[in-house]
Amino acid sequence: MLVALIGFFSGIIGGMGIGGGTVLIPSLVFFLGTKQHTAQSINLISFIPTASVAILIHLRNKNIEKKLVIKLILLGVIGAVIGSFIAVSLNAQLLKKFFAGFLLLMGLYEISSKKNLQKKRG
Amino acid sequence: MLSFAIFTRINITIFVKINTKYREFIGDSMKKSKFTAKLLLIGFITGLINGLFGSGGGTVLVPCLVFLMDVEDHKAHATAIAIILPLSILSSIIYYSYNVVDIALTENVAIGSVLGGIVGSMLLNKLPVNILRKFFGVIMIIAAVRMVI
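Protein sequence lines, in the order shown, are assigned to chains A and B. Residue 1 is where the first sequence starts when you use the numbering used here, and the numbers rise one by one after that. Residue 1 is where the second sequence starts when you use the numbering used here, and the numbers rise one by one after that.
In isolation and in its complexed conformation, chain A is listed as follows (with noise of 0.2 angstroms):
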């Protein structure tokens, strides 16, 4: 019950596309004690579902901008390759830290931006 709790939430925060894996990956770990690479790829797998549906509404609310996907999945796909493998098989304790820092300046520039906040939606 409480795994499914956490789940809904963080459903909730991926299904608006603001990370549910950053609150998924932490509570898995905290709360249940799950292993670090586990609960990585409980997000990951738990995503593919959740996504779907999640894009089949932002599809009805004419949201998805089709035609930049297309050129940013191509790259991407490589990038995840690369990525999950590093993951598997070494400790990144140190990208860890720089992706730390990175969250945080980007956080901060989303809390504080005015940038394109007054564009109307098309």
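Hints are computed from structural coordinates only; laboratory data are not their basis. Just to be clear, a hint being listed does not mean it is correct.
To be verified - The calculated lysine-lysine pairs, modelled on BS3-like cross-linking and capped at a C-alpha distance of 25 angstroms, are:
1) Lys126(B) - Lys115(A)
2) Lys21(B) - Lys114(A)
3) Lys31(B) - Lys71(A)
4) Lys66(A) - Lys32(B)
5) Lys97(A) - Lys62(A)
6) Lys97(A) - Lys35(A)
7) Lys71(A) - Lys34(B)
8) Lys67(A) - Lys115(A)
Fair warning: this is a prediction, and the values are worked out from it, not measured in the lab.
Chain A is fixed; fit chain B onto it per the hints.
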């Protein structure tokens, strides 16, 4: 003499017109290829981060789309999901082949997260941009703090 002058004049005008058209064409295609190059690079980094940390693709992709590609916030969030889905499928296969998965636990999480996903994607349109950015920013900062602890 006069007719020659007129002829040259017309000739020059035509030449100038063609030249500007040509320049516009070259300019457009250069802009377009720069645009594509940016998209390809952003996609690559997104895939790398998402595979490496098992999440976080969106935290790279959404700000890039909003601040570099001028995509509207709501659309950036929704589009990010469509891009991360195939990347997650690939990464899942690799994680699965390395035997780090827990199927039973994944099933339980997935049941909850599918329901949450429906709620979340319907909520997205209801949130104004400034609230969406604050929410997104706070989640990113929490994730950052947790990563170094």
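These are the hints, each one checked on the structure:
The straight-line distance between the Cα atoms of Lys126(B) and Lys115(A) is roughly 20 angstroms, inside the 25 angstroms bound, and the hint therefore holds. For the suggested pair Lys21(B) and Lys114(A), the alpha carbons sit about 37 angstroms apart, so the restraint of at most 25 angstroms is broken. Among the hinted pairs, Lys31(B) with Lys71(A) is consistent with the structure: their alpha-carbon atoms are about 15 angstroms apart, no more than 25 angstroms. With a C-alpha separation of about 16 angstroms, the suggested pairing of Lys66(A) with Lys32(B) holds against the 25 angstroms cut-off.
The hinted pair formed by Lys97(A) and Lys62(A) fails the criterion: a straight-line CA distance of about 37 angstroms is larger than 25 angstroms. A threshold of 25 angstroms between alpha carbons decides the hint, and for Lys97(A) with Lys35(A) the separation of about 19 angstroms falls inside it, so the pair holds. The hinted pair formed by Lys71(A) and Lys34(B) meets the criterion: a straight-line CA distance of about 12 angstroms does not exceed 25 angstroms. As the CA atoms of Lys67(A) and Lys115(A) are separated by approximately 23 angstroms, the hinted pair is consistent with the 25 angstroms bound.
Of the numbered hints stated above, those contradicted by the structure are hints 2, 5, listed in ascending order.
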